[in-house]
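If you're matching them up, the sequences are chains F and R in order.
Here the first sequence is numbered in the UniProt record's numbering, starting from 1 and rising by one per residue.
Here the second sequence is numbered in the UniProt record's numbering, starting from 1 and rising by one per residue.
Note that these hints are calculated values from the structure, not bench results.
Same chains, same names: a pair is fine if it fits in one copy or spans any two.
Okay, derived cross-link-like pairs now, BS3-like style, lysine-lysine, Cα gap no bigger than 27 Å in a straight line:
| # | residue 1 | residue 2 |
| --- | --- | --- |
| 1 | Lys-21 | Lys-2 |
| 2 | Lys-2 | Lys-73 |
| 3 | Lys-126 | Lys-113 |
| 4 | Lys-126 | Lys-21 |
| 5 | Lys-261 | Lys-180 |
| 6 | Lys-198 | Lys-126 |
All values reported here derive from a predicted model rather than from experimental measurement.
There are 2 protein chains.
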Amino acid sequence: MKHFQTFALIEAVARSGSMRKAAEDMNLTASALNRRIRGFEAEFGSPIFERIPGGVRLNPAGEMVLHHYRMSKSDFSRVQSQVADLSGERRGHVRIACSQALLPYFLPEQIAKYRAEHPGVTFTVKVRDRAQAEQELASYASDIALVFEPVYLVDFEVLELVPQQVHAILRSDDPLAARKELRLWECLDAPSVAPDAKYGVRHLLEFAARRLGRSLSPILETESFELIRHYVLHERAIGFQIPIGLQAPLDGRLAFRPISKKDVSPGSLILGQLRGRTLPVASARFAMQLAAALHRE
Amino acid sequence: MKHFQTFALIEAVARSGSMRKAAEDMNLTASALNRRIRGFEAEFGSPIFERIPGGVRLNPAGEMVLHHYRMSKSDFSRVQSQVADLSGERRGHVRIACSQALLPYFLPEQIAKYRAEHPGVTFTVKVRDRAQAEQELASYASDIALVFEPVYLVDFEVLELVPQQVHAILRSDDPLAARKELRLWECLDAPSVAPDAKYGVRHLLEFAARRLGRSLSPILETESFELIRHYVLHERAIGFQIPIGLQAPLDGRLAFRPISKKDVSPGSLILGQLRGRTLPVASARFAMQLAAALHRE
DNA sequence: TTTATGCGGTGCAAAAAATGCACCGTACCT
DNA sequence: AGGTACGGTGCATTTTTTGCACCGCATAAA
Numbered sequence: 001m002k003h004f005q006t007f008a009l010i011e012a013v014a015r016s017g018s019m020r021k022a023a024e025d026m027n028l029t030a031s032a033l034n035r036r037i038r039g040f041e042a043e044f045g046s047p048i049f050e051r052i053p054g055g056v057r058l059n060p061a062g063e064m065v066l067h068h069y070r071m072s073k074s075d076f077s078r079v080q081s082q083v084a085d086l087s088g089e090r091r092g093h094v095r096i097a098c099s100q101a102l103l104p105y106f107l108p109e110q111i112a113k114y115r116a117e118h119p120g121v122t123f124t125v126k127v128r129d130r131a132q133a134e135q136e137l138a139s140y141a142s143d144i145a146l147v148f149e150p151v152y153l154v155d156f157e158v159l160e161l162v163p164q165q166v167h168a169i170l171r172s173d174d175p176l177a178a179r180k181e182l183r184l185w186e187c188l189d190a191p192s193v194a195p196d197a198k199y200g201v202r203h204l205l206e207f208a209a210r211r212l213g214r215s216l217s218p219i220l221e222t223e224s225f226e227l228i229r230h231y232v233l234h235e236r237a238i239g240f241q242i243p244i245g246l247q248a249p250l251d252g253r254l255a256f257r258p259i260s261k262k263d264v265s266p267g268s269l270i271l272g273q274l275r276g277r278t279l280p281v282a283s284a285r286f287a288m289q290l291a292a293a294l295h296r297e
Numbered sequence: 001m002k003h004f005q006t007f008a009l010i011e012a013v014a015r016s017g018s019m020r021k022a023a024e025d026m027n028l029t030a031s032a033l034n035r036r037i038r039g040f041e042a043e044f045g046s047p048i049f050e051r052i053p054g055g056v057r058l059n060p061a062g063e064m065v066l067h068h069y070r071m072s073k074s075d076f077s078r079v080q081s082q083v084a085d086l087s088g089e090r091r092g093h094v095r096i097a098c099s100q101a102l103l104p105y106f107l108p109e110q111i112a113k114y115r116a117e118h119p120g121v122t123f124t125v126k127v128r129d130r131a132q133a134e135q136e137l138a139s140y141a142s143d144i145a146l147v148f149e150p151v152y153l154v155d156f157e158v159l160e161l162v163p164q165q166v167h168a169i170l171r172s173d174d175p176l177a178a179r180k181e182l183r184l185w186e187c188l189d190a191p192s193v194a195p196d197a198k199y200g201v202r203h204l205l206e207f208a209a210r211r212l213g214r215s216l217s218p219i220l221e222t223e224s225f226e227l228i229r230h231y232v233l234h235e236r237a238i239g240f241q242i243p244i245g246l247q248a249p250l251d252g253r254l255a256f257r258p259i260s261k262k263d264v265s266p267g268s269l270i271l272g273q274l275r276g277r278t279l280p281v282a283s284a285r286f287a288m289q290l291a292a293a294l295h296r297e
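Could you build the full structure based on these sequences and the hints that come with them?
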């Protein structure tokens, strides 16, 4: 939208820390950009950038301005979306920040389902860890978040919460695969393939292991859940993941077994939005669909 | 602010119901205005005005756009005010909607007191009845409201509440003036001068009279509290008012006596703002001063 | 029914605003 | 000391906005 143009320029400058770089990003010359910034500052009544050697940086006033911009922009697009909705168009764009575990099965299925009913709606999916996901909401960069074991929960409004028990991922020919449920110490005895420390699954495991006086010493530690799933096919090892990210492949070479609740307490997969915010129609409806689907999980 | 210009034009058109009139108000030609409106509608994706014979009218989409604008504008000026504040300037503008009773003594004193400390702050005072005052807040036309016995209280956040007993206004030579406190039936026997039905004082009196099986039959009914105060000097009659709007004139010709709480229950004088809104610095500080002053009443 | 008035909308030329280019002074880094 | 990259500015150029004149249309008065 045109009336936000100056703010968009400000945001670009803030992001790149340099007027010239921002000017290039936004397809105009540094001089024009410079004048717009200075024009805004004059009109606003106070500088919003601190001029530092090598570039510029937002000052506190600028931070406030930028926050105002992001709020306004998001509210405006909400209005736009609601208007489109009441004219029966069912258009819109949904921005989601989610944990990795939702990528292989849950989200693609849900998005496809939604788009089957509303082909005019488009999606942006950002993969974020639990801390970043909340940041995404707070800066109005995403509309809804779907994360496992979020951390702060400030300004985070829970729309749906579903407990997820940590599961072990192992080869189906592994002796342990014969069991219905595994105990944690059984898993700790085997070589393990674990997600990075920033993930909720790892956190739950470490906590539970410490309670047993043991510790997790993975032979492979990674940020990629996909790598975990595939690695256990190549070496006898145990991976960990929550069930929503798991689905038995057709060839039957992998098995998933829950770890006993006596050892590892279930974590929460949480669907949420920024507290107090009114979402655009498409996002709100999609969030409702997600909530219903999670409820059935 | 320049980036709100198009919205300001939209607001002007909505207010006057005509592009040509609005164009004149905003000092540009109808053609330019027309193009800006159409340009906005195109960019927005939907018409916001309904073209009717004789002019235009906002459609529901337009209502939403206008509401977004008023919110954004108010938030932007809050940011501006906070920035000015943190640079130590103490500038700003406070917009108040209040009941008539506050005009003679309370508000002028409070405003003068505030301006003595912060000469850079200016004020707008709108006199509104209790229903209109809440409307003022909801449309972001005023920052704070100070009203007697507000009606709806939806989206109205109470900052301070002070009970006010209805007082009778009479000539000091009236026999009843000898009493410390009056009973309602005494007042009903005398000719009365009452505020209009939309005011809280009248409402409380009617309610109390009905409880006694009596009714108020004023010889003079008016919207002007000032007229009430002055009329009782000319004919033996009883006026009604809350004490915050009363202060004995120097010549001692008027007397004010509370009506017994046994007959008329006290009403509430309420200071409030729009629920959930963050006020500009000056308004917030002035509201705090008002709250403190009311607390002492 | 005719006429008159006022409305929104449009083509075109003039005015205003934003932009691009070339250049300045300055602070930092090598 | 020299090189580089930064923000800022004067001026010609381009883009956008505006004003004027005018159209078609609907309502209201003659």
